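A.B. asks: Numbering (my numbering), first residue to last: 1 to 291.
What the hints contain is simulated information worked out from the structure, not anything from laboratory work.
Some clues are possibly wrong.
With a straight-line Cα cutoff of 25 Å, these simulated PhoX-like cross-link-like pairs (lysine-lysine) come out [unchecked claim]:
(1) 71 / 206
(2) 66 / 206
(3) 261 / 238
(4) 206 / 218
(5) 218 / 261
(6) 144 / 218
(7) 66 / 2
(8) 81 / 66
(9) 261 / 144
(10) 144 / 238
(11) 206 / 81
(12) 71 / 201
(13) 71 / 81
(14) 261 / 66
(15) 201 / 81
(16) 66 / 144
(17) 2 / 71
(18) 2 / 38
(19) 144 / 71
Label pairs and their calculated CB-CB ranges [to be verified]:
(20) 47 / 204: 37 to 43 Å
(21) 90 / 169: 43 to 49 Å
(22) 201 / 171: 22 to 28 Å
(23) 47 / 260: 23 to 29 Å
(24) 39 / 114: 30 to 36 Å
(25) 73 / 36: 52 to 58 Å
(26) 260 / 50: 44 to 50 Å
(27) 264 / 114: 17 to 23 Å
None of the values given here were measured: they were computed from a predicted structure.
Note that CB positions come from ideal geometry on N, CA and C, so glycine has one too.
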Amino acid sequence: MKIVSIASRGGKVPPLYLFISYILPGAIYFRYLTGTFKILPFFLISISIIPLLAATNLFDDYFDYKYGYDKEYSPNTRYRKHPIYYFGVSEGYLLIWGIISIAIYFIMFSIISRIYGIYELIIAIIGFILGYGYTGPPFGFKYKALGEASVVLSALLISLMVFYAESGHFSMNVIIFAVPYSVILVPVLFLGNYRDIHYDKSQGMKTLPIILGVERSKYVPAAIFIIFYLLIILYYLKNIYPIMSVFSVITIPISFYGVRKWMNLFDTQYENFMGNLIFLNTIVLSLFILL
């Protein structure tokens with residue numbers, strides 16, 4: 001279906017497989033504590049989050065177009081298939097399918113909350129605010145240099161959802177556990193904003209790269225990876241992660257190579273390249289935690 005391609009952005013921006021990095025931490029934490037893995041709650045939460053991700057993309061395209069940021073010649077249109085210019089759909093089409101996706105999302109989480117507890121629905125409401133509010137009024141996090149922060153918070157909430165469904169109790173410890181997983185997701189969104197920095201600035205947008213400037217922004221991906229590795233070591237010292245987690249630093253050479261190479265790539269390759277690097281690091285960390 002056309003709407004699937006539009007809502008998923010062809011699975012490329014950001015890479016669709018990064019969804020795994022969003023949903024893993026809660027399940028990894030539960031497995032680390034109990035030695036077990038509950039497939040059904042993990043599967044139900046994973047499936048139920050997909051409509052929210054779809055709606056976030058649809059609202060993003062809708063409001064960017066509505067506010068005049070996405071034009072036929074804009075970078076956002078050039079590096080991916082913008083639905084209005086590529087598929088020829090109307091802005092109303094995007095809005096209607098965004099609303100339908102949100103309705104499906106809430107129906108699914110209403111059912112899940114009957115099975116696993118009302119907290120699932122409460123967290124789902126907060127998740128909706130972050131997803132819709134990425135571009136939607138009155139929030140518009142993307143336009144206020146808060147896009148990266150909203151992604152981090154969303155990832156932490158998903159970890160909380162998964163853990164609560166699997167364990168049956170509410171624990172903020174999973175939030176602490178998931179911080180490294182969430183922080184390392186930032187470079188994908190940041191590089192997309194970095195690529196568009198000159199155009200976004202000319203349109204009056206305010207993104208994190210615009211605030212930092214071109215030169216300082218170049219070092220942000222490297223800084224994020226340094227924070228990621230330092231957190232792993234700190235978490236071991238604080239007995240949050242097991243000693244084996246420290247061995248996940250074996251990816252440092254690859255990450256160092258990656259944060260040096262990305263600036264030499266075509267700008268259309270930024271997200272996929274960084275997505276591969278992030279996915280590798282989250283998988284390696286998860287494997288060493290579970291060893």
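A.B. asks: Taking the hints in turn, state whether each one holds.
C.D. replies: Hint by hint, here is what the structure shows:
1. 71 / 206: 18 Å, holds
2. 66 / 206: 17 Å, holds
3. 261 / 238: 33 Å, violated
4. 206 / 218: 17 Å, holds
5. 218 / 261: Holds, at about 11 Å.
6. 144 / 218: Distance ~20 Å between residue 144 and residue 218 Cα, so the pair holds.
7. 66 / 2: Holds. Residue 66 to residue 2 sits at ~21 Å (cutoff 25 Å).
8. 81 / 66: 17 Å, holds
9. 261 / 144: 29 Å, violated
10. 144 / 238: 35 Å, violated
11. 206 / 81: Distance of about 24 Å is within 25 Å: holds.
12. 71 / 201: 15 Å, holds
13. 71 / 81: 12 Å, holds
14. 261 / 66: Violated. Residue 261 to residue 66 sits at ~35 Å, over the 25 Å cutoff.
15. 201 / 81: The hint holds at about 22 Å.
16. 66 / 144: With Cα atoms ~17 Å apart, residue 66 and residue 144 stay inside 25 Å; holds.
17. 2 / 71: 21 Å, holds
18. 2 / 38: 34 Å, violated
19. 144 / 71: Given that 25 Å is the threshold and the Cα spacing comes to 20 Å, the pair holds.
20. 47 / 204: 37 to 43 Å: 39 Å, holds
21. 90 / 169: 43 to 49 Å: 46 Å, holds
22. 201 / 171: 22 to 28 Å: 42 Å, violated
23. 47 / 260: 23 to 29 Å: 38 Å, violated
24. 39 / 114: 30 to 36 Å: 19 Å, violated
25. 73 / 36: 52 to 58 Å: Between residue 73 and residue 36, where Cβ atoms are some 53 Å apart, the hint holds.
26. 260 / 50: 44 to 50 Å: The hint (44 to 50 Å, Cβ to Cβ) is violated, given that residue 260 and residue 50 are roughly 34 Å apart.
27. 264 / 114: 17 to 23 Å: Roughly 52 Å apart at Cβ, these two residues miss the hinted range, so it is violated.
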